[in-house]
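Trainee: Read off the chains here:
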Amino acid sequence: MNIAVAIDGSDNALRAVEHAIMLVRHLPDAELEFLHVVDYNKAKDDYLLSQNPEGLALKREQKIHPATELAKSKGVEAKMTILKGNPSAEIIKHVNKEEVQQLIIGSRGLNTFQEMILGSVSHKVMKHVNCPVTIVK
Amino acid sequence: MHTIKQQWFGNIRADLLAGIVVGLALIPEALAFAFIAGVDPRVALYASFVMAVVIAFAGGRPAMVSAATGAMALVIVSLVANHGLEYLLAATILTGIIQIFLGLFGVANLMRFIPNSVMLGFLNALGIMIFLAQMPYLIGGNAATYIFAIITLALVYVIPRFIKAIPAPLIAIVVMTIIAIISGASMQTIGDLGTMPDTLPVFLFPDIPLTLETLKIILPYSLALAVVGLLESLLTAQVLDDMTDTPSNKNKEARGQGVANIFTGFLGGMAGCALIGQSVINVKSGGRGRLSTFTAGVFLMFLILVLGDLVAIIPMPVLVGIMIMVSATTFNWSSFKFLKQAPKSESFVMLATVAIILYTSNLAIGVVVGVILSSLIFVAKVSRVSVTKKGQAFHVKGPLFFASTTKFIKAFDDVNAKEITINFADSQLWDESAVGAIIKVQQKLEQNGTTVHIKGLNASSEQLYHQLI
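Chains A and B, in that order, give the protein sequences.
Just so we're aligned, residue 1 is where the first sequence starts under this note's numbering, counting upward by one.
Just so we're aligned, residue 1 is where the second sequence starts under this note's numbering, counting upward by one.
Here chain A stands alone, though its shape is the one from the complex (with noise of 0.2 Å):
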């Protein structure tokens, strides 16, 4: 069984890591694969508030580093997959085309308001990958 995480190295991220984590170690033939996907629409900004291209990879390093981190730490070998893109369509490609079996997947706690003007990534993603999603609060 292939179970997919997407990280975006908010703390509720981290919460999806530690509940796929535990899944994981409980099923003997999962194998774990982590998401990330790098926003387009933050592209400017990202390249503004970084020095160069190597601060650049420093701050996207550290986004998925406590993912990576806390897998070794429990002794879970995990694949590292970044895309770029629209996080929730990159997400829903990835997923229905590798044929993840199990998705996991943050939730980003937006009031009703922000998810309007922003939209939810957990909500559209679930709406269209063809596998169980588990969201983690």
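Please keep in mind that the hints were generated in silico from the structure rather than gathered at the bench.
Here the structure is a predicted model, which means the values were calculated and not measured.
By construction, the Cβ of each residue, glycine as well, lies at the ideal position given by its N, Cα and C atoms.
Misleading hints may appear alongside valid ones.
[What the hints assert, rightly or not] Straight-line alpha carbon distances no greater than 20 Å define the calculated SDA-like cross-link-like pairs of lysine to any residue that follow:
id, chain 1, residue 1, chain 2, residue 2
1, A, Lys-124, B, Pro-160
2, A, Lys-42, B, Asp-241
3, B, Lys-455, B, Ile-409
[Claimed, not checked] Chain B stretches covered by chain A per the calculated footprint, using a threshold of three residues with CB under 8 Å from any CB of chain A:
id, stretch
4, 114–120
5, 272–286
6, 330–344
Mind docking chain B on chain A? Use the hints.
Mentor: Below, chain B alone, put in the same frame as chain A:
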């Protein structure tokens, strides 16, 4: 690097679609930038057409959209006001020539020296200036003016939640123009302020006297345009490299910007450069190749020729609403986070860049001063040198160079031992003044009867020392 054929025809379907989206999105901005610069809409529309098409061939970064821009429009305001359109066209051509030379000299390698604090300051000031430039069309207007501007602004933020295929500003313009006509509200229209082009641009030599006097007038503007244009273009190229995971030749892009500006000037357009916002839209819409920007330019011109009369009836307040959105996206809102997190010196450089640009109304001066400021601050930061004393051993920490030697020499003012050692294990000698400072300390102490031993110089410092003495 992809082959030329791949760069043009590797992604035909998506490039055509993205090009059409960008072509549509370019129109309102070009109109507004024309009003900022104080020229006829024609001048900006021709610029957007020619820049987009020429850069498709000459540029170094496929899929990067170049056109008439706010940054360039703001630079030329006083030139147009004082000397008129012909001088602007001449300045545009000269800008192109300067940019080609800068490209040949490898200007892109200098981008490393422009810190992000200056970039942020540049874009924030640009956003503020575009916003302020809209105010004359709004303040003092009737109630309808305000209402239409505000509703348009609201629409451009809400529409993308529901319709993604067509750029929101375009939908907002169509809807609001129809409402304006039906309701009969009286407002200024684009047609009141200028004429729309009804022909393709023609090749003309700017009607100016070819004298030194003319050069004196246009050169400062051309220099500023060249700097501002390359800054925004190369920044955009970096963002696009990152988004698409493909490298690009920045010096070729600089030369390409030059070629495009020369064509633009001869074809009656104002100087232009790459647009960050539109380039990101292009990539997000799937544009990757040169065909996308080519399509954008051609489609824009086609629409203007066909629909020029309709564009003329767009109410100004609607365009103002669109441009307030453009200014808000140009302004970098995460700058506030930056101010909180970044070192104080970087925040200072950012704020200083904004202040200087707003005070002088000159983007180029702000950038140049910002870069100088941040270099000085950097020198001050790395010039920290300390000398600690343990018995008769002096330990030097930090690099020794022209900016740090004074402090180093001072540290040995009160030495009166018979024999001392100066340890350079944690230091590095960078230049003549470093070696000179050591000599000076040695001479002074030995005059007072102190023997000085030098130790711990690393290989390159040792080499420099013996090379000079």
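Trainee: None of the hints should be skipped; say for each whether it holds.
Mentor: So, going through the hints one by one against the coordinates:
1. A:Lys-124 <-> B:Pro-160: Answer holds: Lys-124 of chain A to Pro-160 of chain B is near 16 Å, not above 20 Å.
2. A:Lys-42 <-> B:Asp-241: holds (14 Å)
3. B:Lys-455 <-> B:Ile-409: Cα-Cα ~17 Å, so holds.
4. 114–120: Per the Cβ count (4), the hint holds.
5. 272–286: holds (count 4)
6. 330–344: holds (count 4)
When each numbered hint is compared with the structure, no violation occurs for any of them.
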